[in-house]
Amino acid sequence: MRKDLVFGMAGSGGDGIVSAGDSLLQAAAAEGYHGVMTKSFGSQIRGGESSCRVRISTDPILNPGGNLDVAVALNWEDFLKFGAELPVSGNTVVIYEAATNIPVDQIPLVGVTPLQVIAVPIAEMAKSTAGTERAKNTVVLGLIAGWFGIGAVAVMKGIRKKLAKKGEELVEANQRAFDAGRAFAMEHPLKVSMNVVASETKGAVKLITDGNDMCGAAAIFAGCQFFGGYPITPSTEIMQFFTDHVWKYGGAVLQAEDEIAGIGAAVGASFAGKKAMTATSGPGLSLKSEMMGLASIAELPLVIVDVQRGGPSTGLPTKTEQSDLFAAAFSAHGDVIRPVLAPTSVADTFRITLEAFNIAEYYQTPVIVLSDQEIASRKETLDPIDTTQFKILNRVRPTGADLQDYKRFKQTENHISPISHPGMLGGTYLASGIEHVESGAPTNSGSVHQRMNDKRTKKFDPLKDRKDLFTVYGNPDAPIAMVAWGSVAGVCREALDMALAEGLNVKLLVPYLLYPVAEGVYNDFFASVQKGLVIEQTHLAQTFKLLRMHIDLPKGLKSLARSGANPFLPGEIVAALHHLLSELQRSHEGKLQPQE
Amino acid sequence: MSATGTCDYQAKDYKSDLKPIWCPGCGDYSVVQGIYRALAAIGRPPHEIAFVSGIGCSSRIPGYTTAYGFNSVHGRSLPIAQGIKLANPDLLVLAAGGDGDGFSIGGGHIAHLIRRNMDITYIVMDNQIYGLTKGQLSPTSQKGRVTCTSRYGSLEEPVNPLLYTLAYGAGFVAQASPTDLAGMASIIEEAIRYPGFAFVNIQSPCVTYGEEAQQIKGLKAIQETLASLGHNPADRLAAMDLAQHYGEKLHLGVFYRNPEPPPTYGDLVKERQALLSKDALPKERILDLFIKK
Numbered sequence: 000m001r002k003d004l005v006f007g008m009a010g011s012g013g014d015g016i017v018s019a020g021d022s023l024l025q026a027a028a029a030e031g032y033h034g035v036m037t038k039s040f041g042s043q044i045r046g047g048e049s050s051c052r053v054r055i056s057t058d059p060i061l062n063p064g065g066n067l068d069v070a071v072a073l074n075w076e077d078f079l080k081f082g083a084e085l086p087v088s089g090n091t092v093v094i095y096e097a098a099t100n101i102p103v104d105q106i107p108l109v110g111v112t113p114l115q116v117i118a119v120p121i122a123e124m125a126k127s128t129a130g131t132e133r134a135k136n137t138v139v140l141g142l143i144a145g146w147f148g149i150g151a152v153a154v155m156k157g158i159r160k161k162l163a164k165k166g167e168e169l170v171e172a173n174q175r176a177f178d179a180g181r182a183f184a185m186e187h188p189l190k191v192s193m194n195v196v197a198s199e200t201k202g203a204v205k206l207i208t209d210g211n212d213m214c215g216a217a218a219i220f221a222g223c224q225f226f227g228g229y230p231i232t233p234s235t236e237i238m239q240f241f242t243d244h245v246w247k248y249g250g251a252v253l254q255a256e257d258e259i260a261g262i263g264a265a266v267g268a269s270f271a272g273k274k275a276m277t278a279t280s281g282p283g284l285s286l287k288s289e290m291m292g293l294a295s296i297a298e299l300p301l302v303i304v305d306v307q308r309g310g311p312s313t314g315l316p317t318k319t320e321q322s323d324l325f326a327a328a329f330s331a332h333g334d335v336i337r338p339v340l341a342p343t344s345v346a347d348t349f350r351i352t353l354e355a356f357n358i359a360e361y362y363q364t365p366v367i368v369l370s371d372q373e374i375a376s377r378k379e380t381l382d383p384i385d386t387t388q389f390k391i392l393n394r395v396r397p398t399g400a401d402l403q404d405y406k407r408f409k410q411t412e413n414h415i416s417p418i419s420h421p422g423m424l425g426g427t428y429l430a431s432g433i434e435h436v437e438s439g440a441p442t443n444s445g446s447v448h449q450r451m452n453d454k455r456t457k458k459f460d461p462l463k464d465r466k467d468l469f470t471v472y473g474n475p476d477a478p479i480a481m482v483a484w485g486s487v488a489g490v491c492r493e494a495l496d497m498a499l500a501e502g503l504n505v506k507l508l509v510p511y512l513l514y515p516v517a518e519g520v521y522n523d524f525f526a527s528v529q530k531g532l533v534i535e536q537t538h539l540a541q542t543f544k545l546l547r548m549h550i551d552l553p554k555g556l557k558s559l560a561r562s563g564a565n566p567f568l569p570g571e572i573v574a575a576l577h578h579l580l581s582e583l584q585r586s587h588e589g590k591l592q593p594q595e
Numbered sequence: 000m001s002a003t004g005t006c007d008y009q010a011k012d013y014k015s016d017l018k019p020i021w022c023p024g025c026g027d028y029s030v031v032q033g034i035y036r037a038l039a040a041i042g043r044p045p046h047e048i049a050f051v052s053g054i055g056c057s058s059r060i061p062g063y064t065t066a067y068g069f070n071s072v073h074g075r076s077l078p079i080a081q082g083i084k085l086a087n088p089d090l091l092v093l094a095a096g097g098d099g100d101g102f103s104i105g106g107g108h109i110a111h112l113i114r115r116n117m118d119i120t121y122i123v124m125d126n127q128i129y130g131l132t133k134g135q136l137s138p139t140s141q142k143g144r145v146t147c148t149s150r151y152g153s154l155e156e157p158v159n160p161l162l163y164t165l166a167y168g169a170g171f172v173a174q175a176s177p178t179d180l181a182g183m184a185s186i187i188e189e190a191i192r193y194p195g196f197a198f199v200n201i202q203s204p205c206v207t208y209g210e211e212a213q214q215i216k217g218l219k220a221i222q223e224t225l226a227s228l229g230h231n232p233a234d235r236l237a238a239m240d241l242a243q244h245y246g247e248k249l250h251l252g253v254f255y256r257n258p259e260p261p262p263t264y265g266d267l268v269k270e271r272q273a274l275l276s277k278d279a280l281p282k283e284r285i286l287d288l289f290i291k292k
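Those protein sequence lines, which keep their order, are chains B and S.
Position 442 of the first sequence, counted from 1, bears residue number 441 in numbering that gives the first Met the number 0, the numbering being contiguous throughout.
Position 159 of the second sequence, counted from 1, bears residue number 158 in numbering that gives the first Met the number 0, the numbering being contiguous throughout.
Honestly, the hints are just simulated from the structure, not real lab data.
None of these values were measured; they are calculated from a predicted model.
Careful, some of the hints might be misleading.
[Claimed, not checked] Straight-line distance between alpha carbons at most 30 Å, and here's what the computed DSSO-like set of lysine-lysine pairs gives:
| # | chain 1 | residue 1 | chain 2 | residue 2 |
| --- | --- | --- | --- | --- |
| 1 | S | K291 | B | K165 |
| 2 | B | K164 | S | K133 |
| 3 | B | K80 | B | K126 |
| 4 | S | K291 | B | K160 |
| 5 | S | K282 | B | K160 |
[Said to hold, decoys possible] Chain B side only, calculated, beta carbon under 10 Å to chain S, not exhaustive:
| # | residue |
| --- | --- |
| 6 | W246 |
| 7 | K273 |
| 8 | L499 |
Note that the Cβ used here is the ideal one computed from N, Cα and C, for glycine as well.
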């Protein structure tokens with residue numbers, strides 16, 4: 000019996016692979032399991048290759064998993080296009096379409112002998128039971144129910160609901176396809192049983208959503224009443240969420256003519272006193288950078304979500320990467336601090352998005368939420384979140400006394416000045432991108448510029464003490480350490496658990512606040528560290544370099560960085576940690592030996 | 000008289016203490032006077048007005064009023080103005096800038112504001128030159144014009160802002176000039192009162208880099224009021240015909256005013272908000288959207 004299974008399925012665009020993954024995830028949730036599903040596509044609009052990965056576990060899940068336990072290939076050409084995204088190992092059961100006419104001992108996977116390889120006449124079964132090959136995905140779900148014990152009842156219950164409007168005939172056809180898949184599995188038992196143990200939480204309420212929808216919901220919870228943006232993969236669903244819901248709360252959404260107008264309208268809405276946001280991906284972030292500078296000097300609260308994809312330029316528009324870190328931290332001109340936050344999962348996208356609004360409002364600043372394609376478009380099952388535990392902050396308004404002789408950019412002890420908005424009597428001022436004195440009037444004075452830069456940067460000092468925006472896992476005094484953020488953090492958390500179980504003395508730092516760099520938090524964390532890895536999906540080791548720019552890093556801290564769409568596997572990270580341990584032991588032995 | 004304002008304002012109530020940076024004799028002095036007068040005629044209190052501009056000599060104008068001003072970045076007054084209007088539809092929202100700001104770097108925005116028909120008035124101080132950066136070619140400079148960036152004469156035709164705003168479907172298009180201050184004030188007032196997007200092109204001479212023909216004397220020589228031509232501002236095709244003479248003639252007055260103004264974007268937003276508000280989950284329960292039963 001297994002507690003955790005990772006499925007990876009690939010086919011052509013029309014094969015319904017993602018829809019099968021959705022059904023499997025929902026069935027698993029109905030049966031009380033935790034689940035994560037990621038999707039990956041070619042960048043074609045229709046057709047092309049399409050894949051999903053579904054991980055199901057009796058325990059909470061930290062990432063979409065490493066090597067596949069079960070690989071399903073509706074054709075090999077498409078499956079192979081996903082390369083390292085769908086890794087097969089010696090422990091994988093491989094199920095593939097028999098109509099490919101490839102013998103089980105000749106499947107095109109190089110350098111690996113799977114646990115078991117099974118050719119199934121999936122298309123033929125779909126045709127003979129449902130009358131159409133389009134039911135291939137339902138046959139696959141039947142196979143999964145038969146071999147792995149997931150969704151025997153719940154899958155068809157879900158499909159029934161989904162297809163109810165399309166008529167009983169279609170539902171019955173799918174039922175026959177499902178039953179045929181299940182029967183095939185029963186007739187051909189696996190060499191090693193891989194049934195998943197029943198979940199103890201069957202029947203509990205579960206939420207299922209992805210990072211983009213969670214981001215939209217968190218924003219509306221935070222009180223955001225305006226979204227201005229422009230469609231760009233993989234962030235567009237955030238705007239879609241707003242177009243579905245924000246009107247209900249008296250807000251508005253503007254699909255602008257370009258990325259600049261999208262953020263411009265959000266800047267305007269914030270000036271007018273409303274919480275506002277925009278969302279984009281890499282190329283859009285570049286276009287928005289002038290407006291981000293404006294929001295910084297005009298001290299206007301604003302949340303900018305950047306759902307990272309492979310870059311630069313169009314890059315890999317449908318695949319995940321963390322390479323917008325430098326752009327997020329540094330892309331506006333001038334001397335600017337602009338906070339950058341990053342969620343690590345769908346669940347904490349709620350908290351981090353809300354935190355972004357709180358920081359934007361409190362510090363009167365643009366804040367970037369650096370999400371990534373994986374978090375944004377992966378679906379997770381979640382336990383209900385008690386939203387009432389979260390605090391919502393609003394910008395400080397001028398009091399009656401402030402309005403007697405109102406100065407919008409008044410120097411205060413914490414460098415934050417009460418902010419008025421149009422409509423407020425006594426609060427009129429000139430907001431501007433030009434340097435200004437306390438009243439808001441334009442100036443060319445170098446001394447005022449120095450003072451105002453001081454104000455606009457020193458106000459962030461308290462942010463660097465926000466230890467709650469960092470989590471340390473593992474043994475706090477460990478000599479071996481990892482640092483990881485965003486979707487990579489989930490892989491590292493699993494690797495940490497594996498390493499601890501193997502007796503390694505190791506820890507992990509997960510920053511949710513990436514910029515400004517909180518030197519104190521890192522210095523505390525690194526105090527015990529002799530060897531370690533900064534693990535990230537960037538080619539240039541951007542995280543490592545950003546830290547090195549601000550902190551004297553331990554000599555033994557190295558970078559483990561590579562381009563996006565080449566996911567890290569928990570197992571390879573554990574192997575890297577073992578390597579660090581042996582290096583550490585060798586250096587200790589070396590010290591004990593007398594010099595010759 | 001507006002819903003929230005009173006009529007007790009005078010032009011001076013809209014004038015701020017900031018001293019303009021403009022050159023002596025600049026046409027923009029007249030424009031800001033025209034705006035003060037128009038606002039006084041309308042009578043909205045200054046704090047209920049948001050006045051947005053981009054970058055350029057003329058974009059300094061919000062600071063010279065007592066309204067809430069936003070002197071933003073080059074070419075982006077219109078997106079910012081739209082965000083303000085959507086966030087608070089009760090505000091009177093003005094946008095202003097120069098020809099470079101509006102028709103060159105920010106030239107992509109006006110078409111979209113027009114098709115959204117938000118109730119925003121856009122005033123362009125058109126002087127056919129980049130003044131703040133000291134005399135480069137602008138999108139409305141005549142073909143062949145010699146400037147420091149067109150030493151041998153420009154090779155391109157100017158844009159025609161009147162013709163293209165009419166073609167995009169603007170509900171209100173007018174032109175004014177400091178040669179007739181009272182006329183300009185009343186055109187701006189009429190533009191603000193129009194319930195929807197309104198565009199006013201103002202031929203505002205640059206005394207430092209402008210050509211002789213575009214100074215007050217030159218403008219007076221080619222000006223004609225549309226009223227004197229018997230133009231009917233409800234006739235869009237006639238307006239487009241007249242607008243073709245932009246650059247040769249200075250036609251002052253209202254080219255086009257939609258006699259049956261359609262609902263504004265703001266009206267439609269309000270309608271939608273009212274229709275959907277009953278479907279709102281309490282915010283603290285918004286995650287219930289994701290419950291799978």
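**Q.** Hint numbers contradicted by this structure
**A.** When the structure is compared with the hints, numbers 2, 8 turn out to be violated.
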